[in-house]
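Undergrad: Going down the list, the protein sequences come from chains A and B.
Reminder that position 14 of the first sequence reads as 14 in my numbering, one-by-one numbering, no gaps.
Take the position in the second sequence, starting the count at 1, then add 643; the result is the number in my numbering.
Note that these hints are calculated values from the structure, not bench results.
Don't take each hint at face value.
Which chain B residues stay away from chain A? Per the calculated CB distances, all over 10 Å, these [as the list claims (entries may be wrong)]:
id, residue
1, E682
2, V727
3, V741
4, D916
5, A933
6, P1031
7, A1055
8, P1111
Okay, the calculated bits of chain B under chain A, using three or more residues with CB under 8 Å as the criterion [as the list claims (entries may be wrong)]:
id, stretch
9, 803–817
10, 870–878
Note that CB positions come from ideal geometry on N, CA and C, so glycine has one too.
Here's the letter readout for the chains.
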Amino acid sequence: MLYAIVFLPLLGALIAGFFGRLLGDRGAQVVTCGFMLVSMVLGWIAFQDVALAGNARTVELFTWLSSGDLQASWALKFDTLTAVMVIVVTTVSAMVHVYSIGYMSHDHSIPRFMAYLSFFTFAMLMLVTADNLIQMFFGWEGVGVASYLLIGFWFHKPTANAAAIKAFLVNRVGDFGFALGIFGTFLLFDTIHLDTIFQMVASKQNVSISFLGGEFHALTVLCLLLFIGAMGKSAQLGLHTWLPDAMEGPTPVSALIHAATMVTAGVFMVARLSPMMEYSETALAVITIVGAATAFFAATIGMTQTDIKRVIAYSTCSQLGYMFFALGVSAYSAAIFHLMTHAFFKALLFLGAGSVIHAMSDEQDMRKMGGIYRKIPFTYAMMWIGSLALAGVPFFAGFYSKDMILEAAYAAQSNLGYFAFWMGIAAALMTAFYSWRLLIVTFHGSPRASAEVMSHVHESPLVMTIPLLVLAVGAVFAGWLGYNTFVGDGMDAFWGSAILVLEGHNTVKAAHHVPTWVKLLPIFVGIAGIALAYWIYMLRPGTADKIVAAFRPVCSFFLNKWYFDELYDWLFVRPALRLGRIFWKTGDGDIIDGYGPDGVSAAARFLAGRAAVLQSGYVYHYAFAMLIGVVVILSWYLIFHGG
Amino acid sequence: MMTTTLPVMMPAMAEIFLAAAGMALLMYGVFTQRDGQSEGTAWGTIVAMLVAAGLVIIYGGPVAGEPAFYGQFATGHFTQFAKVLILVGAAVAVWMSVRYMRAESSNRFEFPVLVLFATIGMLVMVSANDLIALYMGIELQSLSLYVIASIRRDSLRATEAGLKYFVLGAVSSGMLLYACSLIYGFSGTTQFAGLATVLTGEATPLGLIVGLVFLISGLAFKISAVPFHMWTPDVYEGAPTPVTALFAVAPKIAAVCLILRTMMGPFGGLIADWQQVITLISIASMVLGAIAAIQQTNLKRLMAYSSIGHMGFALVGVAAGNQAGAQAVLIYMAIYLFMNVGTFAVILSMRKEGRYVENIADLAGLNKSHPLMALAMLIFMFSMAGIPPLAGFFSKWYVFFAAIEAGLFGLAVIGVLASVVGAFYYIRIIKVMYFDEAEAPLDSKISREMRIIMGFTAVVSLLFFILPAPVVDQAAAAAQTLFTN
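One chain only, chain A, in its complex shape (with noise of 0.2 Å):
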C-alpha cells in the first residue's frame, strides 16, 4: 500500500508522458487522475493506520549508495509528521489532477502537463517520506524540476520562461545551503540517515566545528545551512522573490505547488529536524525572526497588489512566515497542523481564483473585473470560504491554526516570542483586510470589464467545482476536526516520535494557559480587517485613492514589493551580467576562441590557401619541390648528425 501511494504517480507520470500522443488528451487525464484518486485513498488509509492507530514504520526498498560510511537506500518512513504530509499532497494533487481536466481543457499539450503534474506530486512524496537527507534532497530537486517545467509550462510566452529560470536559480541558493548542511551533517554525525542522527544529537551538542575560518557551535552552523535550504523553497525573506512570478504558471499549478505542498517542504523539512534544531537556540532564533518579518513583510505587499494571483501569492509567504515563527518557537506540531490547514483554504482560494479567472477570458487583473457574483455564485461562494478560514474567523479552519500559532508566539515568553507575536497579529490584521479588499474588487461594484467579457462570463463545469467543494469542505472542517489531535489533548499520542521538543520550549501546551486577551485578540483585528475592507472598497469607494495619495510613498513601496526585485538586480544580476559579459566577450571571445579555435582555424584556412598555390600544376616545380626536400632533409642530416 505505501508504496502504491508514491509509485502510482511515478506511474501515471510515465504513462502520460511517454505515451501520451498514443493515449490521446482524455486518456491521458484518465489514468493520471486515476492513479491519483486511488493514491489519495490510500495516502488517507495511511494515515488512520500510521498516525491514528501509532504504526509507524520505515519500509526499504533497496539500497542507494554504499561507500564507506556513506549508506543510503531508498526507503518509504512512514510516521505521523509524513502521514499527515502524504495526506495533504495527495488530497490537494487529486483535486488539482480533476480540476485541471476543465482548467486545461483548451490546451494543447494536456498529456505533457498532467504527466508535470504526476512527477511532481512523486517527487513530493519521495520528500517527505524520506529516511535519510539524500533522499530527502533528491525529492527536494524533483519537485524544484517539476516546478520549474509548470512554471515554464506556457514556454511560447517570455514572462513564464523568465519567471521559470528565477524560480530554479533562486531555489539553487537554497539548495545550496541545504546540500552544504548534509555535507556537514555527514561530517559530523558520518551517517546520513536520520534516524540515526536523532539519536546521536544530543552527543554532539557541545562540539564546534571550523566554518569559514571560526569556531562555531557545530549544531548551529548545520541548523542555519538547512534553514536556507527552506528558506529557500519556503519563500521566506530574502529569497521570497521567486514565489510572486511563479504565478506566471497555470493557475492549478499554483495551488497545488506554490501554495499548498512544495512551499511548505521548508516547513516540513524544519519540523522533521526538529531534534536537531532543538539544540540550537540561535537557529531557532534566527528561524523565529525570518519567519515573522516574513509574516510581515509579504501581508504590507499583498494590500497593494491588483494581479487576483498576486495577492494570493503574497498571502501564501505571509502564512509561510507563520509556519516558520511557529518552528521557530518550537511549536512544530502547530506549524504542522496549520500547514494542512492552510494547504486545503488556499488550494481552494487559488482553485478559486483559476476559475474566476477562467469566466473572465484568462484576466487576471482585479481592476478589470467587479460585478461578477450574481453570474459565479458557487465560486463567489467558495471564495468566500478560503477568505474567512484564511482571515482566521471562528470555526474556519484558519481559525484554530492560526490562533494556536499566535497563542504559542505568545507563550514562549521571550522577547522573540512577543515580537514574533505583534508581527503576526499586524500580518492578522493585514491578512483580514486584503483577503476582503480581493473578494470585493473582483466580485462586487460595477462591472469594469469589456462588455465581451461579461457576456462570456459563466460558473465553470463540474469538474472544477467539484474539487473547490472537496477543498472546501477540508477548509471548514480541518481546523475543528483537527485541533484536538494536533496540537490539543491527544498531540502526544498523535505525534509520538515524530517531533522532539524539549523540555521548557513546550510552547504548544503553554499556549492552552494564555491570557484571554491573547486569544481574542486575534478574532478582533480578523474582524477589524474586514470591517475596514468593506468600509474602504464597499462603503466609501474612492477612499482607497485617497489613501493612497496620502501615503503615497509607502504604498508606493508596499507596491513595488520593498524593491527587493530591484535589490538584487542591482546588487546580483547586473554585477553577474557584466561580470559574465567580460568573460564571454573578452575571456571567452577574444582570448580563447581568438587564439583557440577561431585562431588555428585561421591559421589553417590561412595554410591551406598556401598550401594550395604551392600546388601549382608544373612539373618543374613538382620536381624541385622533391630536390628542395632531399637536400633540406639532408643538411639537416648532416649539421645535426655529422659526427
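Here the structure of chain A is known, so what remains is to put chain B in place on it, guided by the hints.
TA: Then chain B, alone, in the frame of chain A:
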C-alpha cells in the same frame, strides 16, 4: 665451369602464376578484341588475382633455408599479409572499373592486364630481399602505372597526369638508383641479409647515410609523402576514377610495406639515423594532408590529400621502429584499404544524367536521394576522421600507441592534432550530404557491385571493433617475422 642449379621457385608461385596469366590474358585480349569489349580480360584478371591470393596463402609462407631465387625473394607471414591486401585491393579496383570503362567508352583490354603487371611489381616489391630485386619490382610497378594513369589517351587531363607522373617518377627512380649504388659502394653488398650484418649503427660511413636518405626519398615518392607528394593531387584528379581508386590503395600498401621491410630489416641497425628522417616526413605529411585538403572542392583531389595524410599516419608506426609499430602499420593499411575502397565506390556511384561527377558539392542532398549510400559515406568519413568506435579510430590508435611506446611523444601529439584538423574536411562532406540542398539529385541507379562493395566495406569499418582479432592477430604474426630474422 659453372654448375647451374635451378633456383628455389615455389614460394614465388603466385607471382609466376600471375605473370603467366598476364601474358595469356594479353593474348586473349589481342585475339578476341572487338570494339571496346574488355570485360573478358577484366574478369580474367580478377580471377587470376584471386587465385594468386590463394597461392600466396598456400605457398607464400615462411621457407626453411635460403629464400627463393638465391636469396633474392623473401617470403613469410609479413609478405603474405601484405600481398593478400594488395591483391584484394587491385582485384576490387578492376572490378569497380568494368562498368566505368564501358560507360566512358575507354574500354581497352590492356587496362586490366596492365593492372595485373603492376600488381606483380608490387608483389615483388614486398618480397624483395635485395636492392636489385627491390628496384626491379618498383620499376615493373611504376612503368605499368604510368601507362595506366594515361590510359585514356584522348583525355587531355589524363595524359597530362600520366606525363607528370612519369617525369617525376623518373626523378624518383633516379634517386633510388643513386641510393642503391651508394649503399652498395659503401657496404659491398646488395643483399638485405648482408646489409643487416654490415650495418650495425657503429661508425656508419657518411656516404651510406646519404644513400639511405636518397633511398627513403625514392620510396617516399611512391607513397606520396611530403615533400615528394606533389604529383599526387594532379594524378588523382586527372586519372579515371577507378585508376585513382587503384592508386590510392594497392601501390600505397606495397610501398609502405616495402619501407617497413627495408627500414626494419637491412637498415634496422641504423634506426637512430632513419628514425628522424621518417619522423620529419611523417609530420610534414600529416600536417599538409590535413591542411591542404580543407580548400579542395574536387573529391578525388581531396582523397589525394587524404591519402597523403594517411601515409603520414602510417609512417608514425614506421618511425616507432618497434614490433608494435610494424603491427600498427599493417593494421593501418588493412583498414585503410577498406575505407578507401568504400569511399571510391561511393565516388564511382556519383552520376548525374549518366555522367560521372566528382565534386563535393554534387553530394548535396545525398541523404534524401540515397539514404543508404549517404550512411555508408558517413561511416567512411567518420572512420577516416578517426571517430570511435569506427575502424579508422583503431588504426590511428595503434600507430599512436606504438609511437608512445617508442618514446616519440611529440610525434604522437602532432599526429593527434593533425587528425583533429583533418576531421574538419571529412565532416564537411557529411555536412554537405546531410544538410545541404541538392540542385539536381544524383542518378538513382547504383550498380550491384558498388552496392556490395559499399555495404561490405561500411560494415567492416563500422563493426571492426567487435571482431578485430583476425586482422590484429595476423598483423601481429606478420610484424613478428620482421624482427625474428
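Undergrad: The structure should be examined with respect to each hint, and the outcome stated for every one.
TA: Results for each hint:
no.: 1; hint: E682; verdict: holds, 35 Å
no.: 2; hint: V727; verdict: holds, 32 Å
no.: 3; hint: V741; verdict: holds, 31 Å
no.: 4; hint: D916; verdict: violated, 7 Å
no.: 5; hint: A933; verdict: violated, 8 Å
no.: 6; hint: P1031; verdict: holds, 22 Å
no.: 7; hint: A1055; verdict: holds, 19 Å
no.: 8; hint: P1111; verdict: holds, 32 Å
no.: 9; hint: 803–817; verdict: holds (count 6)
no.: 10; hint: 870–878; verdict: holds (count 6)
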